[in-house]
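> Take a look at the letters that make up each chain.
2 protein chains.
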Amino acid sequence: MRTIHVKTESADYPVYVGSDFLPQLSRHLRKLSGDALPRLFILTSPEIWALWGEALLSGLPKEQHPSILFLPPGERYKRLAEVERLAGELAAAGADRSSVLIAFGGGIIGDVGGFLSAIYMRGIDYIQMPTTLLAQVDSSVGGKTGTNLSAGKNLIGSFHHPRAVFADVATLQTLPARELRAGLFESIKAGIIRDAKLFRFLERNAEAVLQRDMDALKYVIGASVRMKAEVVGIDERESGLRMILNFGHTIGHAIEAATGYRRLLHGEAIAWGMLAALQIALGRGTVTAQEADRITQTIHAYGPLRPFRSSAGLLLGAAGRDKKNRAGKRRFVLPQGIGDAVVVENVTDAEMRDAVEWTLAAARQSEQKTEARGR
Amino acid sequence: MRTIHVKTESADYPVYVGSDFLPQLSRHLRKLSGDALPRLFILTSPEIWALWGEALLSGLPKEQHPSILFLPPGERYKRLAEVERLAGELAAAGADRSSVLIAFGGGIIGDVGGFLSAIYMRGIDYIQMPTTLLAQVDSSVGGKTGTNLSAGKNLIGSFHHPRAVFADVATLQTLPARELRAGLFESIKAGIIRDAKLFRFLERNAEAVLQRDMDALKYVIGASVRMKAEVVGIDERESGLRMILNFGHTIGHAIEAATGYRRLLHGEAIAWGMLAALQIALGRGTVTAQEADRITQTIHAYGPLRPFRSSAGLLLGAAGRDKKNRAGKRRFVLPQGIGDAVVVENVTDAEMRDAVEWTLAAARQSEQKTEARGR
Ligand SMILES: [Zn+2]
Ligand SMILES: [Zn+2]
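Chains A and B, in that order, give the protein sequences.
For the first sequence, counting from 1, position 336 maps to 336 in the UniProt record's numbering; every step adds exactly one.
For the second sequence, counting from 1, position 55 maps to 55 in the UniProt record's numbering; every step adds exactly one.
Some hints could be false.
The list treats identical chains as one, so a pair stands whether inside a single copy or across any two.
As the list claims (entries may be wrong) - Below, computed lysine-lysine pairings styled on DSSO-like, alpha-carbon distance capped at 30 Å: (1) 218 / 31; (2) 329 / 62; (3) 153 / 329; (4) 329 / 197; (5) 31 / 153; (6) 197 / 153; (7) 329 / 369; (8) 369 / 7; (9) 218 / 329; (10) 329 / 31; (11) 369 / 62; (12) 197 / 62; (13) 369 / 153; (14) 62 / 31; (15) 31 / 369; (16) 153 / 7; (17) 62 / 7.
Because the hints were derived from the structure by calculation, they are not lab data.
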């Protein structure tokens, strides 16, 4: 088991990375809350519960009888109406301020469960048990919770840190391969912006990682979480350093928006966004051609990158609306070599256009390759 | 102008009590945010805006053009669905993280506006401009924001403190007399639990206060806010001292719930709840007969107390479900003389029943008097 401590201005909690949390859950929870277990409520998805619900219940004492709350899968249920329904179920089941919610599932379960915990009775404790790679390496850490509006993703939310995160790599064994790969792009991002050793590991061990070797996964998840915990510990509210976590996300978010959030998984869009940002970095010389090559190779090693179609106009428009752009300034994250990154505010419209057009061309090429393979 | 500073673990902001904030709003806002005014969004009710909208706009520079968001009056609009609608309007109007919301209205506007600000883009700044006495002396201070669920009031919410509170007594001139009186019961509460001087002022100056003498109102509001600011400064999250603010509220909330939140205004129910709690205090000797008499007289001086009908069973059931009762313990606030109060956990079922039955009898008596006057 690896333990990483997240320590921010407003919170201090452990992230545990291991492979046997489910069958021993009550022992682990007692470490947090002492002998008397609080009343537990579990928010999960029907899929995850069908696969892992029994294992989780086996780790709780029989007298616990946790209430199980379900959120259907899909971004369209990440809405306030569902939060209200779930809060009503909590109230009906008698949840009070001393109750604890366990968010057991992927990123949406974590975001909604965290937000529900943030606002139910003005805040109750919750525990993250992320079951996807993306949630384990990224969204379960850092305290961002929330829901979407029709007007945009994650426009509603709170900063509300969990009491603890249990990232169990055993649950990754049932994760669809495409989701595993998509999540790993956030780990590659973590390596590029702040952890050269993690990057090198991912570069050299793609096969073991993709075959879900437990030790390889524990290392990758632990290092990714440590990187994020350090950054969030220094800058909880994203006024400075935390911005670097958005490497690949300006154009990545634009691709997600321009393709209606349906074509690509988040990590896949971020992979394209990182390649796009890399073009700007290469043009400015903040990475060498050799470094850019290693980054590109490694991203492709975790591919294939799913192609998409869009237009430069659509992508540039969506990038301009990205909510990371404060007070009209376009903040952009560029790698500086491998293992370091900077936030700049002077990326020009021409650089943006070139990067976006390069990406569209690369996506077209990838589509042709896919078609050629298909024949 | 009186200025009270609220200083808690998580916030530090001024409450201004005065009579000319509206026409000079931009000058006051500049004191908070420096020369460049932020983009302003105003949440208000149609009624308040019809009465005071022009005055408020006259205090802003012409180029400001704040967006006005409306919430219809009534508890039934204090719901997540309305928060979602309002967040959508903020997004459509281009509100970003640097925008500031002004909550301009009564307690519901403040609760919903504060909560909307707490969760829009994970938190934006907001300013309270309460226009009812209840909101000025109580709900605008302390950082509690939120909405109702079908299952109960204020079950959803956040702690989110405003950047500043502007309590303008001029806006009280258009407040219905019944609402003025109801709000003053919270000031009487403030006096009883922690400020003997405020209590004495209210005891001796009922006429001036009820005739809305500006200076008398400023004193009462300033002292009430100071009391609450001190308590919240010591115990922001209601783990100890803040409980005393619930004097009169255990049975008061039960009366509100048992009468469907329609018959009585909040302050009116709290007045009955204080009289009920006083019976328990009198029985235990934590107040003398003479002190109890002064308290009773003063409460009636701000009456008449609106009668209600219910049953001991209904009221005791509702009091048992009150969410202030943690982990099965019934916490109850009792005055200790005038100007001090204690939280006890050993109020017996018999004491509760006697207090509730005394109150029901008093309410019946008051109804008969009202009828007699009506003849
Ligand atoms: Zn991401
Ligand atoms: Zn009250």
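> Evaluate each hint against the coordinates.
Evaluated hints:
For the identical chains of this complex, residue 218 and residue 31 are intra-copy neighbours only, at 21 Å inside a copy versus 52 Å across copies, given an alpha-carbon limit of 30 Å. For a Cα distance limit of 30 Å, the shortest separation of residue 329 from residue 62 across copies, 26 Å, qualifies, whereas the shortest one inside one copy, 55 Å, does not. In the homo-oligomer, the alpha carbons of residue 153 and residue 329 lie at most 30 Å apart inside one protomer (20 Å), although the nearest pairing across protomers, at 42 Å, exceeds that limit. Taking identical chains as interchangeable, the C-alpha atoms of residue 329 and residue 197 are never at most 30 Å apart, the minima being 33 Å within one chain and 54 Å between chains.
Taking the closest pair of Cα atoms, residue 31 and residue 153 never come within 30 Å of each other, the shortest separation being 36 Å inside a single copy and 34 Å across copies. In this homomeric assembly, residue 197 and residue 153 never come within 30 Å of each other (Cα to Cα): the closest approach is 33 Å inside a single copy and 52 Å across copies. Taking the shortest alpha-carbon separations for residue 329 and residue 369, neither the intra-copy value of 38 Å nor the inter-copy value of 68 Å comes in at or below 30 Å. When the C-alpha separation of residue 369 and residue 7 is checked against a cutoff of 30 Å, the pair qualifies neither within a copy, at 46 Å, nor between copies, at 63 Å.
Taking the closest pair of Cα atoms, residue 218 and residue 329 never come within 30 Å of each other, the shortest separation being 38 Å inside a single copy and 44 Å across copies. For the identical chains of this complex, residue 329 and residue 31 are inter-copy neighbours only, at 26 Å across copies versus 46 Å inside a copy, given an alpha-carbon limit of 30 Å. When the C-alpha separation of residue 369 and residue 62 is checked against a cutoff of 30 Å, the pair qualifies neither within a copy, at 55 Å, nor between copies, at 59 Å. With identical chains, the CA atoms of residue 197 and residue 62 are never at most 30 Å apart, being 44 Å at best within one copy and 57 Å at best between copies.
Neither within a single protomer nor between protomers do residue 369 and residue 153 lie at most 30 Å apart by alpha-carbon distance, with minima of 32 Å and 59 Å respectively. Within a single copy, residue 62 and residue 31 get their C-alpha atoms as close as 19 Å, which meets the 30 Å cut-off; across copies the closest is 59 Å, which misses it. Taking CA atoms no more than 30 Å apart as the test, residue 31 paired with residue 369 passes in neither setting, with 52 Å inside one copy and 62 Å between copies. Proximity of residue 153 and residue 7 under a CA criterion of 30 Å is satisfied intra-copy only: 27 Å inside one chain copy versus 34 Å between copies.
For the homomeric pair residue 62 and residue 7, neither the shortest alpha-carbon distance inside one copy (34 Å) nor that between copies (46 Å) is at most 30 Å.
In this structure, the earlier hints numbered 4, 5, 6, 7, 8, 9, 11, 12, 13, 15 and 17 are contradicted, and the remaining ones agree with it.
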